[in-house]
Amino acid sequence: MKRRTVARWAVLVAVALVGGTASADIGKKVRKRLAGKILITEKALPTGLDDDNATVKKYKSLAVKTVKHEVVQGIPTWNFHYTAFLKTAPKVSNLAFDFYTTDKKPLYVADKRFTGVDPKIKILSGVLTINEDDNVNKNRTYVIKLTGKVRGREKVFATTKVTFK
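First residue of the sequence shown: 68, per the numbering used here; consecutive thereafter.
No incorrect hints appear here.
Derived pair list, reagent style BS3-like, types lysine-lysine, alpha-carbon separation capped at 27 Å:
hint : residue 1 : residue 2
1    : Lys189    : Lys158
2    : Lys132    : Lys232
3    : Lys222    : Lys132
4    : Lys132    : Lys205
5    : Lys222    : Lys179
6    : Lys132    : Lys99
No lab work stands behind these hints: they were computed from the structure.
Computed from a prediction, not measured in an experiment: that's the story for all the values here.
Take the sequences, apply the hints, and build the full model.
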């Protein structure tokens, strides 16, 4: 195999391992009630809870609206767990978290791209790292949209709002 092909496969495997969760672990009713939402949490969401109502309540209680930074090599950096409950399966393998300001006229400021995503997935979860070099700033609130280009058009699958401290 060529070196470039090996590198591509390594990236795809890394995304597959980090960027997904088994939606079978989360009940259909839970997925439906949280469809279109991205939950930002300090730790990965627990799975295998018995009751769907209790699961939704637990997940919502674990979601945070503020993420504190840590300084890495002199740069404010934010690390957080996310679980995106997609409204529909994306039917594409390239997705992105797009970051927008919450100003009267929202501005697109950054993105984090995922490749090799299962086009049939309804839940996407993992850990995201973003820093000021990516064009986000401390003490700002952002709308995060999980998007993908479907048939030439940008489609939003889930959203949330978070403040970076």
